[in-house]
Amino acid sequence: MKHQSRLWTASNSSLLPIVAVALTATIFVFDTITDLEIAVPVFYTAVILISVRFCNKRGVAFVGAGCIFLTLTSDFLTTTTSASEAGIINTTISVLAIAVTTFLAIKIETAESAVFEARTQLAHIARVTALGELTASIAHEVNQPLAAMVINGNATLRWLSAKPPNLEEAKQAIEHIVKDGTRAGEIIARVRAFIKRNPPRKASFNINEVIRETVMLTASEIHRSRVNVRTDIDANLQEVFGDRIQIQQVVLNLLLNAIEAVNKTPEGPRELRINSSNDGIAVALFTIRDSGLGLDPEKLEQPFSAFYTTKEDGMGIGLTISRSIIESHGGRIWATLNAPRGAVFQFTLPSEKHQ
Amino acid sequence: MTIKPSIAVVDDDESVREATTSLLRSLGYIAKGFPSADDFMKSNRLRITSCLVADVKMPGMSGLALFGHLSALGNPIPTILVTAYPDEEIRSRALSAGVTAYLVKPFSEKELLDCIDMSTKHGTRLA
Numbered sequence: 007m008k009h010q011s012r013l014w015t016a017s018n019s020s021l022l023p024i025v026a027v028a029l030t031a032t033i034f035v036f037d038t039i040t041d042l043e044i045a046v047p048v049f050y051t052a053v054i055l056i057s058v059r060f061c062n063k064r065g066v067a068f069v070g071a072g073c074i075f076l077t078l079t080s081d082f083l084t085t086t087t088s089a090s091e092a093g094i095i096n097t098t099i100s101v102l103a104i105a106v107t108t109f110l111a112i113k114i115e116t117a118e119s120a121v122f123e124a125r126t127q128l129a130h131i132a133r134v135t136a137l138g139e140l141t142a143s144i145a146h147e148v149n150q151p152l153a154a155m156v157i158n159g160n161a162t163l164r165w166l167s168a169k170p171p172n173l174e175e176a177k178q179a180i181e182h183i184v185k186d187g188t189r190a191g192e193i194i195a196r197v198r199a200f201i202k203r204n205p206p207r208k209a210s211f212n213i214n215e216v217i218r219e220t221v222m223l224t225a226s227e228i229h230r231s232r233v234n235v236r237t238d239i240d241a242n243l244q245e246v247f248g249d250r251i252q253i254q255q256v257v258l259n260l261l262l263n264a265i266e267a268v269n270k271t272p273e274g275p276r277e278l279r280i281n282s283s284n285d286g287i288a289v290a291l292f293t294i295r296d297s298g299l300g301l302d303p304e305k306l307e308q309p310f311s312a313f314y315t316t317k318e319d320g321m322g323i324g325l326t327i328s329r330s331i332i333e334s335h336g337g338r339i340w341a342t343l344n345a346p347r348g349a350v351f352q353f354t355l356p357s358e359k360h361q
Numbered sequence: 009m010t011i012k013p014s015i016a017v018v019d020d021d022e023s024v025r026e027a028t029t030s031l032l033r034s035l036g037y038i039a040k041g042f043p044s045a046d047d048f049m050k051s052n053r054l055r056i057t058s059c060l061v062a063d064v065k066m067p068g069m070s071g072l073a074l075f076g077h078l079s080a081l082g083n084p085i086p087t088i089l090v091t092a093y094p095d096e097e098i099r100s101r102a103l104s105a106g107v108t109a110y111l112v113k114p115f116s117e118k119e120l121l122d123c124i125d126m127s128t129k130h131g132t133r134l135a
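Note that the protein sequences, when read in sequence, are chains A and B.
Once you know that position 314 of the first sequence is 320 in the working numbering, the rest is easy, because the numbers rise by one and skip nothing.
Once you know that position 59 of the second sequence is 67 in the working numbering, the rest is easy, because the numbers rise by one and skip nothing.
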């Protein structure tokens with residue numbers, strides 16, 4: 007596990023450790039003031055449970071040991087009454103309660119780490135699967151610049167062997183070769199970045215760029231499906247803070263779903279509209295509208311449930327993972343009906359400043 | 009003065025379109041590129057185009073549909089279809105409809121030139 011060597015894990019909120027320390031201090035003071043027959047130290051169990059939020063296993067064990075130490079220290083300092091039997095029993099009960107809670111807290115922490123790890127792996131699998139579906143598209147996107155480069159290369163040879171050699175045309179052709187080669191390289195680089203099995207890396211970014219890249223990635227799909235995609239992005243969209251690859255995964259998932267929905271409608275408009283906007287002070291909103299068959303208005307949550315799919319060979323986890331990603335970033339994702347037909351999928355992400 | 013054969017290149021991919029026109033010009037042809045079948049039809053070059061190089065899959069009218077359209081108008085231009093998605097069914101349909109050739113991207117220069125030679129010599133173009 008990554009964070010074995012430290013006692014605590016990185017957390018967005020630095021409030022919890024402060025609360026835990028304050029609570030510990032309060033309990034210690036009360037414990038010392040009151041006599042041994044009142045089992046105040048049992049309240050240390052709350053401190054231990056709070057520490058699960060920001061400590062790893064070793065940290066929780068350390069907190070547990072610390073609380074037991076404080077309990078015994080309090081006893082030592084409480085010299086007002088002599089050690090009565092009830093007092094000793096109470097202390098023993100407190101120490102046992104703390105020990106058992108610490109043990110269970112460590113188990114909780116282990117379970118939570120396992121869930122996090124499993125989610126990360128699942129998100130990765132979903133990315134790989136999505137990419138598999140896009141292989142034809144990606145191959146096409148790379149094939150076009152390659153074909154153009156070969157033709158330009160041949161053209162250059164001809165221009166240079168003309169009598170006299172046409173250097174101007176040859177130069178232009180070579181410039182195009184460089185441009186196309188760079189374009190192909192960029193597509194590969196983006197695919198690589200998308201498929202990497204890295205732990206989530208948080209940074210500030212703009213959703214508009216993610217939208218642009220994702221639309222480019224699916225350009226072939228869009229062409230093949232003969233869908234008309236309109237993108238209306240807000241140039242002043244607030245930046246958000248999070249893992250860009252994961253958000254791209256969500257946008258890709260929604261875009262592919264929308265294209266599929268439109269593909270299934272035999273006649274009628276074949277339109278997709280993608281929007282980005284600021285929703286209030288601190289929220290960025292992404293919207294995608296399709297003119298497909300739409301959703302059951304009574305069951306708008308159903309597409310998000312695990313293993314629900316309308317595809318023949320679908321796994322049904324795309325939207326589930328998308329929801330998990332958006333929610334772990336502090337946002338919301340939901341579906342509504344589009345008018346006159348089709349579905350609207352939207353998600354919000356808190357803007358960077360308010361993390 | 010001999011009129012140089014004019015070739016129209018219809019492809020929505022800018023890179024391929026510009027590269028192809030550059031190659032054809034370097035061989036002495038007059039070549040003009042069009043981003044869509046519609047743009048080609050709306051241009052005033054239909055009569056002077058002696059050969060058409062068109063991509064099969066384009067948004068809007070496909071290359072094959074363009075050939076069919078021109079034939080129906082009584083104005084068939086010898087056409088070479090190029091595609092990144094080779095499809096046997098479309099290939100046989102195209103060839104039986106009278107398309108000169110069906111090339112798969114990336115095609116070699118020789119293939120393209122052979123086809124153009126073939127179409128300008130044996131084309132159904134009437135002067």
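Hints in this document: simulated from the structure, not taken from any laboratory.
Given the structure is predicted, the values throughout are model-derived calculations rather than measurements.
Please note: incorrect hints may appear among the correct ones.
Said to hold, decoys possible - Some chain B residues close to chain A (C-beta under 8 Å, calculated; not the full set):
id: 1; residue: P13
id: 2; residue: T28
id: 3; residue: P43
id: 4; residue: S44
id: 5; residue: L111
id: 6; residue: P114
Heads up, the beta-carbon is just placed ideally off N, CA and C, and yes, glycines get one too.
Violated hints - listed by number, lowest first
Numbers 1, 3, 4, 5 - these are the hints that the structure violates, sorted from lowest upward.
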